[in-house]
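Student: Chains as they are written, first to last, in my numbering: chain A, 1 to 416; chain B, 1 to 91; chain C, 1 to 998.
Since the hints were derived computationally from the structure, they do not count as laboratory data. Small disclaimer: the values here were computed from a predicted structure and weren't measured. C-beta: ideal position from N, C-alpha, C; glycine also.
Just the calculated beta-carbon pair ranges, DEER-fashion:
1) F6(A) - D433(C): 42 to 48 Å
2) D25(A) - S78(B): 43 to 49 Å
3) A480(C) - T68(B): 29 to 35 Å
4) A480(C) - R249(A): 47 to 53 Å
5) S78(B) - G233(C): 40 to 46 Å
6) S441(C) - I79(B): 25 to 31 Å
7) L9(A) - H264(C): 47 to 53 Å
8) D45(B) - P926(C): 50 to 56 Å
9) P926(C) - G214(A): 47 to 53 Å
10) G65(A) - G867(C): 34 to 40 Å
11) S21(C) - S7(A): 54 to 60 Å
12) K688(C) - I79(B): 35 to 41 Å
13) P157(A) - S78(B): 49 to 55 Å
Computed footprint of chain A on chain C, listed as stretches where at least three residues anywhere in the stretch have a Cβ under 8 Å from a Cβ of chain A:
14) 116 to 124
15) 139 to 153
16) 963 to 973
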Amino acid sequence: MRYSVFSLLAQALKGHKGWTPAWRDAAPKPEYDVVIIGGGGHGLATAHYLASRHGVANVAVVEKGHIGSGNVGRNTTIIRSNYLLPGNTPFYEHSLKLWEGLEQDVNYNAMVSQRGVVNLYHSDAQRDAYARRGNAMRLAGVDAELLDREQVRSLLPFLDYETGRFPIQGGLLQKRGGSVRHDAVAWGYARAADSRGVDIVQNCEVTGLSVENGRIAGVETTRGPIRARKVGLAVAGNSSRLAAMAGMRLPIESHVLQAFVSEGLKPLIDCVVTYGAGHFYISQSDKGGLVFGGDIDGYNSYAQRGNLPVIEDVMESAMALWPGLGRVRMLRHWGGVMDMSMDGSPIIDRTPVEGLYLNAGWCYGGFKATPASGFCFAHLIARDEPHPVAAAFRLDRFTTGRVIDEKGAGAQPNLH
Amino acid sequence: MRIPCPHCGARDAQEFSYLGAADPQRPDGLDATEAAMLDYVYQRDNPAGRHRELWYHGAGCHAWLTVTRDTRTHAIESIEPVRRRGAGAAA
Amino acid sequence: MSAQPFRLAGGGLIDRSQTRSFRFDGRRYEGYAGDTLASALLANGVRLVGRSFKYHRPRGILSAGPEEPNALVELRAGARREPNTRATTTELYHGLEAASQNRWPSLAFDLLSVNQLAAPALVAGFYYKTFMWPARFWEKLYEPLIRRAAGLGRAAGREDPDHYEKAFAFCDLLVIGAGPAGLSAALAAGRAGARVILCDEDFRLGGKLLNEKREIDARAASEWIADALAELGSLPDVRIMPRTTVFGVYDHGVYGAVERVSDHLPIPPAHQPRQRSWRINAKRAVLAAGAIERPIVFAGNDTPGVMLAGAVRAYLNRHGVLPGREAVIFTTGDDGWTTARDLAAAGATIAAIVDPRPDRDPALTALATRLGARVVTGIVAGATGGRALEGLTVRAASGREEALSCDLLAVSNGWNPTLHLASHQNTRPAWDDAIHAFVPSAPPAGLSVAGAAAGRLSLALALVDGARLGGEAAAACGFAPKPTPQPPRTDPEGVAHSPVWRVRGGKRAFFPRKAFVDFQNDVTDADIELAAREGFRPVEHLKRYTTLGMATDQGKTSNLAGLAIMAEQTGKTIPETGATIFRPPYTPVAIGALAGHHRARDFRPTRLSPTHRWSQDQGAVFVESGLWMRAQYYPKPGESDWLTTVNREVLAVRNGVGLCDVSTLGKIDIQGADAAEFLERVYVNGWKALPVGKARYGLMLREDGFVMDDGTTSRLAQTHFLMTTTTANAARVMQHLEFCRQVLWPTLDVRMVSVSEHWAQAAIAGPKARAVLQGVVDPRHDISNEAFPYLAARAVTVGGGVPARLFRISFSGELAYELAVPADHGDAMMRALMAAGEPHGITPYGTEALGVMRIEKGHVAGNELNGQTTARDLGLGRMVSAKKDFIGRVMAKREALVAADRPVLVGFRPVNRSERLRAGAHFVGPGRSATLENDEGFMTSVAYSPSLRHWIGLGLLRNGPARIGERVRAVDPLRDGDVEVEICPACFLDPEGARLHG
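With the hints as constraints, model all of the structure from the sequences given.
Tutor: Structure, rendered in structure tokens:
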């Protein structure tokens with residue numbers, strides 16, 4: 001059933017008895033053209049674009065738990081394309097453009113809200129770095145504005161401009177950045193993919209990859225074997241575990257990244273702000289909660305929970321940036337497991353196993369990348385060649401030295 | 001998280017910095033191959049479970065420590081100063 | 001109207017001699033010390049306290065504790081306003097001000113209650129299905145409306161005037177909750193000699209026992225509590241922390257807690273924080289947090305006047321407040337009957353006791369008879385009343401319905417263990433069929449669960465559990481437990497119970513009366529059914545789709561009912577449907593508390609150079625440089641802007657002599673027989689041949705082949721080197737060197753220590769530098785050009801015997817020295833240099849002038865050492881030795897890192913010399929459009945050169961060195977800049993280095 005204000009009102013008259021499941025709870029068939037492992041945002045988006053853009057609908061998305069139970073529902077919901085390096089910028093800009101048309105594409109309101117993203121700077125060197133980045137964005141056709149302190153103040157009057165340890169000097173603004181209702185992204189893609197015949201198979205954990213003569217043949221799962229001509233891995237957080245099933249080691253560590261939400265408040269802050277003197281970012285959801293986060297905890301972890309040092313560090317940055325938050329209460333905190341790659345950038349590529357494709361290494365950037373990641377992964381799987389905007393995300397870039405290291409932090413994942 | 005430093009006793013993990021897996025061995029010397037070095041610098045087992053890893057007690061004794069920790073539960077199984085390796089001679 | 005019309009004449013744990021006046025929504029009321037805001041409001045007959053989130057329905061007080069979903073207020077005013085504050089846990093203080101929230105213009109008349117008319121469309125997730133057309137209307141129209149309507153209270157938005165502290169504590173046993181189980185645990189462990197910390201979120205210790213008329217060892221429970229507290233107070237290693245909420249369980253026995261030091265006072269006393277956040281390190285912990293009573297889902301169950309039965313007892317017995325005069329009890333267990341007994345004893349009329357269980361204990365019927373209360377074997381099918389409860393529809397087992405009039409409905413549906421902390425490490429609780437509730441399963445290591453929190457719901461079990469687990473914890477910490485005394489005897493209590501999760505409505509109507517599952521987020525049973533219909537059946541989907549349990553109470557009173565209704569829809573059991581797990585914190589925690597003093601100037605430590613005071617005396621303007629404050633420039637009276645000052649400083653150095661503090665550079669002392677070999681391996685260039693008494697510029701890479709840091713290292717003796725690092729990388733390089741020594745090459749005979757803070761260091765630069773130094777360095781040291789040439793580095797003495805180190809190194813390109821003295825002498829050194837330099841016109845200069853001169857000389861700094869550049873990129877490829885192994889050697893040779901078209905450092909000057917350059921501009925070929933494809937690099941650093949009288953820049957340009965003399969455009973679309981620049985060598989001044997050797 002198509003969602004619209006009319007169907008909603010029609011159902012209201014019938015006590016909403018006529019709604020049907022948003023997607024079928026499919027049982028796995030013995031064979032598919034493509035099996036996507038991972039029912040998160042990226043996997044579901046891949047399925048949607050395979051079906052809608054490439055006519056490949058004999059697809060299963062297999063998910064060990066319930067769709068959307070990983071990072072797509074654990075992030076701070078920010079979207080932006082304010083990247084520095086030519087390997088990244090066009091990709092994230094492609095993603096932002098897909099976000100801009102997402103609701104109409106999938107007929108699901110994910111509340112894509114282009115409220116603006118401001119990255120604050122606190123020193124001349126930081127200003128120069130943001131100028132370099134902002135200009136790189138403008139050269140790539142992405143919107144960017146360099147603001148001075150007074151321009152930032154007019155946008156965000158309540159921040160601490162004068163008395164802070166690292167006074168705010170200005171900011172880099174991307175007006176088209178913003179936030180999205182994260183769960184709805186998974187559900188919207190799932191519903192759209194399902195409507196084109198994709199099977200969404202939940203509670204189906206992959207226990208092995210079948211490789212025959214160097215070629216993928218299918219997957220072993222807790223719901224039995226499934227044969228497939230092509231298999232795509234979209235299991236960020238657990239990429240190393242799955243890749244190991246095909247005998248691969250990856251340039252990835254799994255780390256926990258925590259996120260936080262405050263109690264619901266009347267509107268306080270309109271755009272997304274990132275603090276430049278600490279790793280901290282904050283925005284307010286439509287429901288009123290302030291959503292914020294900081295650094296990864298910094299040690300390998302699959303535990304989906306973190307510890308107090310980072311929690312306190314995030315709160316300190318919050319107070320340093322915005323002293324009016326003192327009496328606002330943090331309601332919940334949680335953790336997600338990130339694929340932290342060795343250069344801080346993702347991988348969308350073929351693997352040494354023919355027919356096995358890898359989508360991994362999303363670091364902090366996974367959520368905002370969701371549409372383009374799915375779009376480019378679908379392109380790669382369907383055509384066996386990389387999409388031009390994702391062409392730099394190769395697995396062999398570490399061998400060639402074509403690393404995409406936005407922060408210049410080197411081969412140490414917890415510094416990215 | 002608390003890390004039982006063999007020199008200083010149990011201390012808050014905030015006193016330490018984390019590097020990563022302890023097992024990769026640097027291929028020393030002028031005859032080190034690019035393949036071996038790539039493996040050392042970039043490739044990781046990244047297990048869910050028992051993990052030997054390097055921590056540096058920067059706010060304490062400045063020792064590099066090998067911690068064996070479960071990445072699913074964070075439980076620490078053992079900790080010791082980095083293992084003395086046989087020869088460190090380069091070329 | 002009499003003051004406090006619902007206050008009982010006697011009884012309760014309040015102090016009637018201590019009146020507390022307060023305001024709610026501007027109206028003045030009175031309560032007593034020992035009241036909560038909720039109990040004081042009820043004593044004054046105030047039942048309507050808030051409006052709900054979505055439908056703006058009138059809401060009252062449901063509970064008497066932290067689980068409260070409805071009675072949320074804005075507490076205090078102005079910059080101290082605290083939105084969403086639970087009235088049920090707010091300790092009443094004199095002058096308290098509170099306001100209801102989420103209503104306009106007033107609580108009684110709220111315009112947005114029209115949302116109730118639209119309710120048929122505003123079902124769970126309605127917003128996912130609409131507002132999609134036209135696309136651009138979302139940000140402009142729909143979303144602003146939604147945002148304005150959403151949210152609950154209003155944050156102050158202004159700087160919090162109070163301050164906060166952080167504290168650390170260590171103990172053998174942490175006891176969480178000071179009810180009967182917690183007190184018993186603390187006693188058992190404390191008697192054995194263990195260090196015990198006992199925390200309770202309440203301001204009065206005793207837990208639920210405070211609310212009950214119970215007896216322990218044939219005495220009133222209050223006496224048992226008093227004795228226990230007295231004994232605990234007498235034990236030397238027991239610390240009792242009331243008003244302290246343990247909010248989270250972290251790894252390895254770390255517990256987060258917040259102590260509300262001053263929240264019970266109008267403002268914090270002088271020198272006291274508002275709250276203190278604790279990191280408690282405990283070898284063992286006992287969770288004795290009790291249990292939370294469950295409501296029942298029926299039509300109109302959110303009407304003010306519908307209250308949990310246990311909360312009714314709390315208001316009666318603890319606060320001396322009668323929550324209603326004409327009461328109905330709706331209970332599915334024996335426990336609710338106690339409320340009838342206590343209400344009747346307080347003078348309320350019991351209109352009926354409604355209990356669906358046909359096979360009740362006959363003693364209950366006898367109790368009803370004694371109370372003169374009617375008993376209905378059935379259920380409450382609906383409540384009527386808008387802003388206050390007016391009556392009920394009661395449905396007997398036969399199906400016959402009747403209307404009853406009442407002003408209070410006490411609901412009892414069993415208890416859920418307060419297991420939140422036990423599930424903080426993502427362990428799922430287990431279902432217990434005996435109590436129809438989830439109980440902790442596999443709690444975090446070191447944590448055990450006692451009493452009601454473990455699902456052992458009687459007082460007797462709480463006392464036994466607490467004593468046993470407290471003793472076990474002490475034993476585990478090495479204390480011999482004292483022989484356990486006989487467990488105290490308790491009076492009998494009925495715990496039989498058979499829950500009813502929801503009562504289905506009667507006749508269908510277009511506007512059926514809603515039955516709420518999650519009060520705060522306005523989630524109804526129909527929403528759960530819709531979620532089931534649409535496939536949002538797994539508990540995580542259910543929660544996220546309907547927002548069940550996502551409100552400020554995290555679903556403490558709603559999650560289980562939601563699961564139960566979902567289970568009913570899907571034909572599964574509750575445990576098959578899912579489990580209720582909770583994320584930290586247990587109750588919301590103020591951001592300020594977790595930040596402590598780390599705000600404003602104290603956000604991070606401030607590091608001051610040992611010469612800081614001297615710089616201040618010279619009138620320096622300081623700038624943040626990492627944690628350091630460094631002198632940026634030294635303005636003189638009459639200088640209109642910073643550039644004027646910096647130009648003067650630069651020219652003073654170029655033409656005379658200048659003095660600059662460089663103490664912030666990292667300094668690492670490296671010693672040992674293999675020290676030179678060690679440097680060979682960490683730097684790209686050679687060190688073995690460096691003579692004693694000489695300095696050399698060194699460049700180190702990361703193992704991935706990119707530049708990590710640079711600096712000069714001096715050989716002070718055959719086996720003794722002093723390395724300098726950049727200010728920014730000092731700690732990182734130290735860690736890296738220790739890694740190399742300990743992990744990579746433990747057999748090398750070398751040791752190192754950071755001496756960054758032990759030495760004050762100054763650069764003396766300019767043609768007259770030597771003349772100045774000769775006035776400071778003790779005369780027995782010959783520092784003539786011949787005796788102390790360029791790159792000499794030696795120990796000297798200054799000022800008559802003060803040990804010092806002198807290095808003839810130059811960042812400015814002039815004849816220059818760096819002089820280091822022990823940090824304590826730093827100030828004196830600067831003043832001595834100034835005095836000696838006075839005849840030569842010595843001029844202090846700051847980081848800006850330093851930066852200008854290094855750009856003039858083409859030296860790289862932070863903007864070039866950005867972690868993305870190789871030695872070759874920086875024009876330093878010639879330094880790289882091919883004869884030895886060193887960190888980064890292999891990876892630096894990868895094809896992309898040696899590609900000919902990589903951007904390499906060159907210099908730039910504007911073709912039109914009057915134009916300004918800007919760092920961050922990108923290079924585009926002449927006549928080409930400014931696009932990503934045409935991007936050839938970027939400007940890393942710029943400066944105005946007062947010597948050349950125009951702007952100069954350094955930048956990374958594709959194939960730069962081969963293009964010297966060509967022109968490109970430096971485009972800066974962010975600032976509308978587009979400057980034609982000429983490519984030149986990176987060194988603008990004295991390329992032969994003649995000045996260095998002067």
